[in-house]
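A.B. asks: Chains as they are written, first to last, in the numbering used here: chain P, 21 to 240; chain X, 21 to 240.
Please note that the accuracy of each hint is not assured.
Reference excerpt, derived from the structure (chain X facing chain P, CB under 10 Å, subset only) [unchecked claim]:
hint, residue
1, Met30
2, Leu32
3, Asp33
4, Gly34
5, Gly50
6, Ala107
7, Asp109
8, Leu189
9, Gly200
10, Asp211
11, Ala217
12, Ala222
13, Val226
14, Lys230
If you're looking for bench data, these hints aren't it; they were derived computationally from the structure. Every residue, glycine too, gets a C-beta built ideally from N, C-alpha and C.
Number of protein chains: 2
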Amino acid sequence: MTRLTLDISMSLDGFVAGPNPTLEEPLGQGGEGLHEWVVALASWRERHGLTGGETNADSEVLEEVVRSNGATVMGRRMFSGGEGPWADDPNADGWWGDEPPFRHPVFVLTHHAREPVTEQGGTTFTFVTDGIEAALEQARAAAGDKDVAVAGGASVAQQYLEAGLLDELQIHIVPVLLGGGVRLFDRLGSDPIELEAIRVIASTAVTHLKARVVRGAISP
Amino acid sequence: MTRLTLDISMSLDGFVAGPNPTLEEPLGQGGEGLHEWVVALASWRERHGLTGGETNADSEVLEEVVRSNGATVMGRRMFSGGEGPWADDPNADGWWGDEPPFRHPVFVLTHHAREPVTEQGGTTFTFVTDGIEAALEQARAAAGDKDVAVAGGASVAQQYLEAGLLDELQIHIVPVLLGGGVRLFDRLGSDPIELEAIRVIASTAVTHLKARVVRGAISP
Numbered sequence: 021m022t023r024l025t026l027d028i029s030m031s032l033d034g035f036v037a038g039p040n041p042t043l044e045e046p047l048g049q050g051g052e053g054l055h056e057w058v059v060a061l062a063s064w065r066e067r068h069g070l071t072g073g074e075t076n077a078d079s080e081v082l083e084e085v086v087r088s089n090g091a092t093v094m095g096r097r098m099f100s101g102g103e104g105p106w107a108d109d110p111n112a113d114g115w116w117g118d119e120p121p122f123r124h125p126v127f128v129l130t131h132h133a134r135e136p137v138t139e140q141g142g143t144t145f146t147f148v149t150d151g152i153e154a155a156l157e158q159a160r161a162a163a164g165d166k167d168v169a170v171a172g173g174a175s176v177a178q179q180y181l182e183a184g185l186l187d188e189l190q191i192h193i194v195p196v197l198l199g200g201g202v203r204l205f206d207r208l209g210s211d212p213i214e215l216e217a218i219r220v221i222a223s224t225a226v227t228h229l230k231a232r233v234v235r236g237a238i239s240p
Numbered sequence: 021m022t023r024l025t026l027d028i029s030m031s032l033d034g035f036v037a038g039p040n041p042t043l044e045e046p047l048g049q050g051g052e053g054l055h056e057w058v059v060a061l062a063s064w065r066e067r068h069g070l071t072g073g074e075t076n077a078d079s080e081v082l083e084e085v086v087r088s089n090g091a092t093v094m095g096r097r098m099f100s101g102g103e104g105p106w107a108d109d110p111n112a113d114g115w116w117g118d119e120p121p122f123r124h125p126v127f128v129l130t131h132h133a134r135e136p137v138t139e140q141g142g143t144t145f146t147f148v149t150d151g152i153e154a155a156l157e158q159a160r161a162a163a164g165d166k167d168v169a170v171a172g173g174a175s176v177a178q179q180y181l182e183a184g185l186l187d188e189l190q191i192h193i194v195p196v197l198l199g200g201g202v203r204l205f206d207r208l209g210s211d212p213i214e215l216e217a218i219r220v221i222a223s224t225a226v227t228h229l230k231a232r233v234v235r236g237a238i239s240p
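Just chain P, with the same shape it has in the complex:
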């Protein structure tokens, strides 16, 4: 069975987005700074139709992530920033335009049913209304022998972690203090969740900490 993994950039004070998100600044105040390391990479820029950029140890980390994932699960808010009926969502087509960078099937958790959308470049968006386990099941079937990625946001990541469904996480810790926003690890209850660190690749720009989840909040 494919693994469920989470790759996400987090500030040193634990936020994956800054305060006061808007359509213009979906990651909130200071939130863009969390992704400077990735936006600087040649491989990321190429996938997003941009030129230039760097190739370094961070590139290898990113390439590994892209290579290993065959499907993605994400929350509605990560997809569009909105909530409620799709007809009322000003960003109902998502953030990524006609050729999203995923290039594989993406399953969007939502309370509002919607027909699937096929984009250019291999990305499909399927809207799942019956919960995180159903979304994971569909994503696993779509991923073949590759892994399934939880793209975020924090709430969806927490739900998979708390349910004991997350196998591995790689946190990209960025040395900035956002002071507020969306915490990645919140409302996890008070039971420690044991991790086994597998690998750490670090520079002053970003620390990639990869760990296996040994025990979820719900004991087996």
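Since chain P is already given, all that's left is putting chain X on it; use the hints.
C.D. replies: Chain X alone, transformed into the frame defined by chain P:
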């Protein structure tokens, strides 16, 4: 002028102590796990009157910290775990016995005046009732040409950071999720605090992230 530095172990989810602290388990549930990396070191064990232990890259980090600090500031709760009048504090002499490992002047922030205490091995405890700036001033005078360390807890560290008085921090990130307890970075307001990462030394046991505070929450 000497610098004010903070060296503290933090879980990946941002806690410096677990939930439900007691006199027997002052760091709360799971909190001891944050210091396993340091307790395993030969140099730490020697300072605490114990034998054995390891010498590795973490030892050099610890030695550097010990070498550079000439005085320490800490909160009352870190000193004894208590609050209120000293006569009512069951741990009024602190956690460290007759020969505390600091071996330099320590300034304890408290609302309750008390005569200084001189311990064996060079540690003195001076109790400061007139706030964080007064404590820092006394500690600077005592540190000579060395640095002053904020030992903790989280509340005192936050106060120095928010006041723009902290020059440098080194967070020892331990790959464990405590799920609750005392957050290091909390109540910082919603203004990002800019850091400049200086050095990262990482293993799967602990990541030492050292950064200069470029701008405090209070602009100059």
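A.B. asks: Evaluate each hint against the coordinates.
C.D. replies: Consistency of the hints with the structure:
For methionine 30 (chain X), the interface hint holds, since its Cβ comes within 10 Å of a Cβ in chain P; the closest pair sits about 9 Å apart. The restraint placing leucine 32 (chain X) at the interface with chain P holds, with a minimum CB-CB distance near 7 Å, inside the 10 Å limit. For the restraint placing aspartate 33 (chain X) at the interface with chain P, the shortest Cβ-Cβ distance is roughly 3 Å, inside the 10 Å limit, so the hint holds. Contact between glycine 34 (chain X) and chain P, as hinted, is supported at the beta carbon level, the nearest pair being about 4 Å apart and thus within 10 Å.
At about 4 Å, the closest approach between the beta carbon of glycine 50 (chain X) and any beta carbon in chain P falls short of 10 Å, and the interface hint on this residue holds. Hint on alanine 107 (chain X) is violated. Least Cβ distance to chain P is approximately 33 Å, over the 10 Å limit. A distance limit of 10 Å between C-beta atoms decides the matter here; for aspartate 109 (chain X) the minimum to chain P is near 26 Å, and the interface restraint is violated. Taken as an interface hint, leucine 189 (chain X) checks out: its beta carbon lies about 9 Å from the nearest beta carbon of chain P, inside 10 Å.
Here the hint on glycine 200 (chain X) is kept, as its CB sits about 4 Å from the closest CB of chain P, short of 10 Å. The restraint placing aspartate 211 (chain X) at the interface with chain P holds, with a minimum CB-CB distance near 5 Å, inside the 10 Å limit. Given the 10 Å rule on beta carbons, the hint for alanine 217 (chain X) holds: about 4 Å separates it from the nearest Cβ of chain P. At a threshold of 10 Å, the smallest CB-CB gap from alanine 222 (chain X) to chain P is about 4 Å, leaving the interface hint in force.
The beta carbon of valine 226 (chain X) is positioned within 10 Å of a beta carbon in chain P (closest approach about 9 Å), and the interface hint is therefore held. Interface restraint check: lysine 230 (chain X) against chain P, minimum CB-CB distance 9 Å, threshold 10 Å, status holds.
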